[in-house]
Amino acid sequence: MNSTVASAMANEHDNKKPEAVDHYRRAFLKRLGVTTAAVAGATSVHAAWGGKTLGDAFADFFQQHYQQMSAQELQETLDRIERKAQQQYGTRITCTDTPPLEGVVFGYAINISKCKGYRDCVQACAEENNLPADIRYIHVLEMDEGNTSLELADRYYEHETVPVEGKYYLPVQCMQCDNPPCVKACPVEATWMDSDGIVVVDYDWCIGCRYCMSACPYSARFFNWTRPQLAADSINPNTNYIGNRPRPVGVVEKCHFCTQRTRKGRQPACQQACPTGARIFGNLLDPNSEIRYVLENKAVYRLKEELGTEPKFWYFSDR
Amino acid sequence: MLRLLSMILAVSTPCIIGAEEIDPGQAGQLYPEAPGFTLQPRNAKLKFEDCSRCHEEGDTDPEPRRLKTRHVREIDHGGNRFWCLTCHDGGNMDYLRTSGNEKIDFDQSYLICGSCHADRQKDWYFGGHGKRVSGWQDERVILVCTECHDPHKPAVEPRPPKPPPPVRIGLERQAHQPPDSSRVWERYDEQHGSKRHGQ
Amino acid sequence: MALLLFFRDAFRELFRGSLLYWGWIVFLWAIIALGGWKYIGQLNNGLVVTNMSNQVSWGFYISNFTFLVGVAAAAVMLVIPAYIFDRKDIRDVVLLGDTMAVTAVMMAMLFVIVDIGRPDRIWHMIPVIGRFNFPVSLLAWDVIVLSGYLLLNLGISFYLLFGHYQGREVKLKTYLPFIMLAIFWAISIHTVTAFLYSANTGRPFWHNALLAPRFIASAFCSGPAIAILILQIVRKLAGYPVRQSAIDTLRVTMTVALQITLFFVVAELFTEFYSEGTESDSARYLFFGLHGAAKLTPWIWTALAMLVVAVSILMIHNLRRNPLFFNIACVLTVIGVWIEKGMGLVIPGYIPTPLGEIFEYLPNSTEVMISLGILAIGLLTFTLLAKAGMAIERGQVRLRDDIEEELAGLDNDEDEASLTRPT
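Protein chains in written order, with my numbering: chain A, 1 to 319; chain B, 1 to 199; chain C, 1 to 423.
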């Protein structure tokens, strides 16, 4: 397997458990793990239900939270994900670990005078992030000109050509709130805000209670109501654990600012796809960045600011 | 290869021949505090190259008129105030000219755009307008204005959108349309100034 | 030892019953099997077998959960008069109230389990080996209060029954602190459930301070209504002594709570509709329909009509003294609150979505069948617990010395028959 675990110890982010508890828990699980590893070793050859080996099934069940896996556990998990994708979709993928970059907090801005409603971003996101057929992280709302009322928004518009007279277009996706209500809601801490400001989800820890979906004021979170149907030839094989690896059934997912790309210095897929240059993305902590210029020089606003969620996603206009 | 070299040279060094050239690597003299950038060159994508093959230097008729050749006939820009030589350098058709009559390369066409669209140009220098083609952490490579805006017809044409989003597997899209909205003044009778019925 | 004999004897009691009893048990098992079969389908295919969507992400299961937590909380309406006001007549039936609470909490937990996407990952909530987001997450609070309430009620009931079984007197002093704790805990389970909803600032239909009071008020009319019905059934079918004064007290509680509930509905209607903004869109959807979408309006108005009829019956002296009308009022209260607090609360919170989209929801047959299966499990549990519990309370099941048991031998049935006469 050629997946890498880059500085796994750096995974341990701010909201780790206290040392003593963690040590006790590790010792307990180590004993458990030794047993399961023995079983896994003995049974790894035989495929069990769902095409998974019994060993993998055990390891899946006992898998720890991302922030509490050791380097070795994480590597084994990444290998397991690659194997699972091979079994389920018949495709070879790579799955890597992408810890957040230091000194970076991501921000996003959309120029709504330039968005024409093409939905190129929606499609690019779906392809880049291995989205199931019925989930789209980005929704472009067709709004009435001169009106900010979401009551009048239509996300299902179909026209011969866009933009349409008298309408403007507002793409909505996860706002990566700095004060995220979804993080507060989750009973198992399966979603949290990473140090680079992105709110991420550990798909293997989520229990699928969907409380976060009720808490989100932007309809930005989506649930896998069934096993995601992905076509083998359209799967993006470059995946990461905390982002675009194929997800299992019964878990919540959402836009994560393409962590597999942005944590390697690349643009998110939506920004790259936008032909009008309406999307501005970058490091909020860099005073010379494009995003900082926009936020400091344009009349920017955020959706539902009065709720105090502090989104890191702004809108602005040239006119 | 030679072409590439000449483009790079044209972009990075001041040209001694003819009009003055500006080094975009220093963000020109316009916005020295703007972050540096490199342009994705335009010259390779021009429809007609090597203009001087047909247009000899100094040969061009300066009289504003409608052309009858394969060149652009309609200029939907500037509302009839422009014609070809407004931007093209009649003295040497391989170059453009700014409003201050400086000779510039096709890769520096943004200097012309900015003479009228100054606010937009400032945004473009600083990254609030335009398209970045490199990663957010990489060296900044951006597109020239004419990459997206045809200078003869700059307005972006409407085009078909990609399909609407799906609903959950197993469910059907529901037919609820958002209501028609009316602007406040539409709810009043224009003649009498009284509110219409039911408004 | 005594404990093992207790369970053995209690278990044995479950197999003594009339034809009606066995018919009921078989019927319930049939429903459970049907629901179970549907649930297996849900486990295999995922929650796609329901009608829930990304727009309406909580549906029938959580509606029923919400209603049942209220029913569980209402057991406190029996506990308070039994112990605080020292009402002997209610002390006699308080165990049935506890049994009702235990069953309701168990059903509520089952509804949560069938609703979550990954029931195999429930262990992720256990502290230390998992990650438990307490005290920030309201769901974490809910898990604690519901589990605690279940244990508290089971513990108290077991303590009392075991004491009866051994024939020794239970000292009030010993278990009164737990009773007091149970009273406050009962209020807390429903308050926390209400806070689960009212914490969501992005959903203006839920985000108001009146939600928790509304929950308590409607719980305290539907819970006693169910208790009244159960007590009458138990009195009739099992000959269990239930004093009319006990039912009268419950009736008074139910009447006042119903009046308060309706007052809260009026307050809600005024606040939402006097000066309507987009924050009232969900309320408009529920009561009047929104832009042509109106699937819930018949439900809510039926529910409100039921509650108004019920409170009228209860307030008119001659009507409430008529057993038929009185029972009709109880049934109407239960159904009315079930609709109003269940579908009438949970679903409109999602319509329209925070981005203004209207996507309607009604449960499909799978959800209904699984819900009926869980209801059947609850009724079965209640029947079995009540049967054993009542037998022990009435002294029919007693700890006997081993010698006595052996001597009884074949005459066992005869001897026990003589004890079934009410003392």
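Read the hints as simulated data drawn from the structure, not as lab findings. Small disclaimer: the values here were computed from a predicted structure and weren't measured. No residue lacks a Cβ here, since even glycine has one placed at the ideal position from N, Cα and C. Where hints are given, some of them may not hold.
What the hints assert, rightly or not - FRET-style restraints, in silico, Cβ to Cβ:
| no. | chain 1 | residue 1 | chain 2 | residue 2 | range |
| --- | --- | --- | --- | --- | --- |
| 1 | C | Phe273 | B | Arg196 | 48 to 58 Å |
| 2 | B | Ser134 | C | Lys295 | 49 to 59 Å |
| 3 | C | Leu210 | A | Thr148 | 24 to 34 Å |
| 4 | A | Arg92 | C | Thr297 | 46 to 56 Å |
Unchecked claim - A few chain A residues that don't get close to chain B, going by computed Cβ distances all over 10 Å:
| no. | residue |
| --- | --- |
| 5 | Asp60 |
| 6 | Glu76 |
| 7 | Gly90 |
| 8 | Asp120 |
| 9 | Val122 |
| 10 | Asn147 |
| 11 | Ser149 |
| 12 | Thr161 |
| 13 | Val164 |
| 14 | Thr262 |
| 15 | Cys274 |
| 16 | Gly282 |
| 17 | Asn283 |
| 18 | Ser289 |
For each hint, the structure was consulted:
| no. | hint | in the structure |
| --- | --- | --- |
| 1 | C/Phe273 x B/Arg196: 48 to 58 Å | 23 Å, violated |
| 2 | B/Ser134 x C/Lys295: 49 to 59 Å | 51 Å, holds |
| 3 | C/Leu210 x A/Thr148: 24 to 34 Å | 29 Å, holds |
| 4 | A/Arg92 x C/Thr297: 46 to 56 Å | 54 Å, holds |
| 5 | Asp60 | 24 Å, holds |
| 6 | Glu76 | 30 Å, holds |
| 7 | Gly90 | 21 Å, holds |
| 8 | Asp120 | 6 Å, violated |
| 9 | Val122 | 6 Å, violated |
| 10 | Asn147 | 6 Å, violated |
| 11 | Ser149 | 7 Å, violated |
| 12 | Thr161 | 4 Å, violated |
| 13 | Val164 | 8 Å, violated |
| 14 | Thr262 | 7 Å, violated |
| 15 | Cys274 | 8 Å, violated |
| 16 | Gly282 | 5 Å, violated |
| 17 | Asn283 | 7 Å, violated |
| 18 | Ser289 | 7 Å, violated |
When held up to the earlier numbered hints, the structure conflicts with 1, 8, 9, 10, 11, 12, 13, 14, 15, 16, 17 and 18 and fits the remainder.
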